[in-house]
Amino acid sequence: GAGVSQSPSNKVTEKGKDVELRCDPISGHTALYWYRQSLGQGLEFLIYFQGNSAPDKSGLPSDRFSAERTGGSVSTLTIQRTQQEDSAVYLCASSFAGALTDTQYFGPGTRLTVL
Amino acid sequence: RKEVEQDPGPFNVPEGATVAFNCTYSNSASQSFFWYRQDCRKEPKLLMSVYSSGNEDGRFTAQLNRASQYISLLIRDSKLSDSATYLCVVNENNDMRFGAGTRLTVKP
Numbered sequence: 003g004a005g006v007s008q009s010p011s012n013k014v015t016e017k018g019k020d021v022e023l024r025c026d027p028i029s030g031h032t033a034l035y036w037y038r039q040s041l042g043q044g045l046e047f048l049i050y051f052q053g054n055s056a057p058d059k060s061g062l063p064s065d066r067f068s069a070e071r072t073g074g075s076v077s078t079l080t081i082q083r084t085q086q087e088d089s090a091v092y093l094c095a096s097s098f099a100g101a102l103t104d105t106q107y108f109g110p111g112t113r114l115t116v117l
Numbered sequence: 006r007k008e009v010e011q012d013p014g015p016f017n018v019p020e021g022a023t024v025a026f027n028c029t030y031s032n033s034a035s036q037s038f039f040w041y042r043q044d045c046r047k048e049p050k051l052l053m054s055v056y057s058s059g060n061e062d063g064r065f066t067a068q069l070n071r072a073s074q075y076i077s078l079l080i081r082d083s084k085l086s087d088s089a090t091y092l093c094v095v096n097e098n099n100d101m102r103f104g105a106g107t108r109l110t111v112k113p
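These protein sequences, in sequence, are chains A and B.
So the mapping is simple: this note's numbering equals the position in the first sequence, first residue as 1, plus 2.
So the mapping is simple: this note's numbering equals the position in the second sequence, first residue as 1, plus 5.
No lab work stands behind these hints, which were simulated from the structure alone.
All C-beta atoms in this analysis are idealised placements derived from N, C-alpha and C, irrespective of residue type, glycine included.
Wrong hints could be hidden among the right ones.
Derived pair list, reagent style SDA-like, types lysine to any residue, alpha-carbon separation capped at 20 Å [stated by the list, open to error]:
| id | chain 1 | residue 1 | chain 2 | residue 2 |
| --- | --- | --- | --- | --- |
| 1 | A | K59 | A | G100 |
| 2 | B | K50 | A | K59 |
| 3 | B | K50 | A | R113 |
Some chain A residues flagged as far from chain B (calculated, every beta-carbon gap over 10 Å) [stated by the list, open to error]:
| id | residue |
| --- | --- |
| 4 | E16 |
| 5 | R24 |
| 6 | S64 |
| 7 | T105 |
| 8 | P110 |
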């Protein structure tokens, strides 16, 4: 079956512009996660959605970052007024029920470059 | 101090060698542990979960030491295809913390 998909695969933007990154989780997965991976760094947790519960936003680095998940499926990560330090690969993952032992399946990522 | 620390490597080993990676974590309340593999410019993929009793999957053995708060991954009879970055992952209440990864290169 289809895995997690993300779009766009690459995004180049100018400093100060807003960007939207999209994630389509695996069908039937109730948990969805966003991470970012900067060059040479580990993955940094950003936000977690579980079903219809309020998202865990504890990892968002600033109020320029927001995310929503419509209808419990597709999610959009929005970065407003982008800065050069936002350049990274943004990875989305989904899991079946969000249990601690559930495997997270990652999408291919969106590589964001802020000039 | 980082929450999850790994030796970044690189580890350069010949085919057939045995190599071990360690990972330490700072949060004693962490509840589940994993090793992910990430190929260059690809997304991470689960290699194996790490159980308290230790677990083995073919050439790969994972160990957890809760008292010392470290996790290990042992790769025996390494293959060229094992070349990748290995990420240690620690999970507490679905807040996944990833190490920066250990880079392994297996050479002929």
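A quick look at each hint next to the structure:
With a C-alpha separation of about 15 Å, the suggested pairing of K59/A with G100/A holds against the 20 Å cut-off. Restraint check: the Cα-Cα separation between K50/B and K59/A comes to about 24 Å, which exceeds 20 Å; the hinted pair is violated. Simply put, K50/B and R113/A have alpha-carbon atoms about 18 Å apart, close enough for the 20 Å limit, and the pair holds. No Cβ of chain B approaches the Cβ of E16/A within 10 Å, the least distance being about 24 Å, so the stated non-interface status holds.
R24/A, annotated as away from the interface, keeps every beta carbon of chain B farther than 10 Å; the closest lies near 15 Å. Distance to chain B confirms S64/A as a non-interface residue, since its nearest Cβ pair spans about 18 Å, more than 10 Å. Listed as a non-interface residue, T105/A fails to keep its Cβ farther than 10 Å from every Cβ of chain B; the least gap is roughly 5 Å. Look at P110/A: its CB is around 5 Å from the nearest CB on chain B, not clear of 10 Å, so calling it non-interface is violated.
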